[in-house]
Amino acid sequence: MPAKRIIPCLDVKNGRVVKGIQFKQLRDLGHPVELARRYDAEGADELVFLDIAASLENRGTREAWVREVARELSIPFTVGGGVSSVADARSLLRAGADKVGINTAASLRPALVTELADAFGRQCVVAAVDVKRDAALGWRVYLKGGTEPTDRSAMDWLWELTDLGAGEILLTSMDRDGTGDGFDVQLLEKAAALPIPLIASGGAGLEIHFLEALEHGADAVLAATLFHEGILPIPRLKAYLAQNDISIRI
Amino acid sequence: MSSAPITLIDYDAGNLASLEGALDRLGLVYQRAATPDQAALSGPIVLPGVGHFEAAQRSLRERGWWRVLPTLVAEGRPLLGICLGLQLLAEGSEEAPKATGLGLIPGIVRRLGPGVKVPHMGWSQVRQHRPHPALPDPPHGGWLYFVHSYALEPTAETIFLADHGRPFSAIEARGTVMGFQPHPEKSGPAGLFLLKSALAWMGSATPDLEVPCN
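Protein sequence lines correspond, in order, to chains A and B. Using the working numbering, read the first sequence as starting at 1 and increasing by one per residue. Using the working numbering, read the second sequence as starting at 1 and increasing by one per residue.
Treat the hints as calculated values from the structure; they're not laboratory data. Accuracy of the hints is not assured; some may be wrong.
Unchecked claim - Now the stretches of chain B that chain A is said to cover, found in silico as 3 or more residues with beta-carbon under 8 Å:
#1 8 to 19
#2 34 to 46
#3 109 to 123
#4 133 to 143
Unchecked claim - Residues of chain A placed beyond 12 Å of chain B at every Cβ, according to the derived structure:
#5 P76
#6 R94
#7 A119
#8 D175
Said to hold, decoys possible - Going by beta-carbon spacing under 10 Å, a handful of chain A positions derived as facing chain B:
#9 M1
#10 G30
#11 E34
#12 D45
#13 Q123
#14 P197
#15 E229
For every residue, glycine included, the Cβ atom is placed at its ideal position computed from N, Cα and C.
I would like the entire structure built from these sequences, with the hints used as guidance.
In structure tokens form, the structure reads like this:
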């Protein structure tokens with residue numbers, strides 16, 4: 001079994017890492033390369049960049065910072081946001097991203113997952129899924145950054161994504177996202193039955209939350225604010241997890 | 001270390017940006033070579049690689065590398081294969097049963113599993129199997145980053161082993177040929193250490209040959 005991974009997630013808008021304080025006010029945190037360097041030095045195992053304003057016009061900007069990040073970073077990284085074709089993915093991978101994240105586009109056209117896996121290998125395909133607890137479905141899949149409900153049950157969709165060729169699942173609990181109350185461990189326990197790696201997202205507030213997620217089947221844990229704000233430095237988190245017998249790269 | 005630049009084989013089957021970034025950080029000089037005539041006249045040659053064994057082999061054939069690499073190695077030229085690059089150096093792979101490998105290191109590449117998640121993706125620790133003067137134990141616990149579905153079966157010559165369901169060869173060396181299954185350019189300080197150690201040894205081991213690359 002490989003080590004459990006700690007993954008900071010960075011939202012990027014127009015080539016800058018931003019942090020949303022409510023939905024409209026975005027605070028500038030710096031150039032992607034600056035943040036990449038910092039997290040590399042702190043011992044992050046991987047980075048996820050999410051382009052929150054992906055559009056045709058800013059594709060050139062994106063390729064430029066992805067290329068710079070690839071040259072600076074000594075750990076792998078995923079880029080997601082607006083990837084809806086093999087050509088989109090190819091431009092990111094050519095620029096140096098190790099993996100591409102797909103979400104809404106995969107739900108609208110599931111064959112995209114297979115096309116990407118066939119073109120680049122399934123290890124390059126990270127399927128991001130946003131879910132909310134639901135009386136009828138257990139957990140319901142949402143699209144477009146969590147704004148649009150679908151009829152899909154999360155578990156059915158996760159298995160379908162796996163069959164289609166996803167190499168990894170990035171599973172965000174919208175119920176927990178931003179609360180700091182801990183990951184949805186019931187959700188993780190169910191998703192841990194998948195034969196592909198599972199990245200838990202949404203709800204990290206304390207060291208123990210990471211431990212819980214990893215003990216309930218997550219292969220990796222993702223967080224943003226805790227790391228960006230320096231509330232929980234990665235070296236401290238990793239030391240804590242290692243003390244609790246989690247296999248982790250120190 | 002020899003002043004000859006490192007030759008990076010550029011054949012559309014590898015992500016050279018990250019590798020070049022790592023070499024920049026190590027202060028090493030390199031040049032891309034799509035075909036053998038673009039290679040430096042001496043110094044280490046690096047064969048990166050991601051993707052399918054057979055597709056990579058085809059691409060190397062089309063560019064003339066497949067025929068030339070064994071000759072260069074026979075003349076003492078150092079060669080470092082990374083990830084699929086290591087697998088291509090072996091005798092063959094289950095991924096492409098009809099194709100043969102370069103046969104520059106012994107052993108066969110087999111699919112990982114069953115009973116473990118495939119691809120093996122993430123950080124795993126390596127452990128020494130046989131000492132090698134150029135490759136001491138890497139720092140930081142020897143955690144290296146792997147992404148692969150196939151792996152070389154260990155042989156008596158394997159330098160470092162890693163485990164994913166079963167032990168497999170993580171780092172190989174035979175004469176001036178070396179192979180890394182993990183991505184040293186994606187493996188933090190431990191990866192950079194190994195990459196630097198391997199290339200430094202290869203640079204100093206370079207015979208000063210004026211060999212035309214054809």
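Which of the numbered hints above does this structure break?
-> 2, 5, 6, 7, 10, 11 and 15
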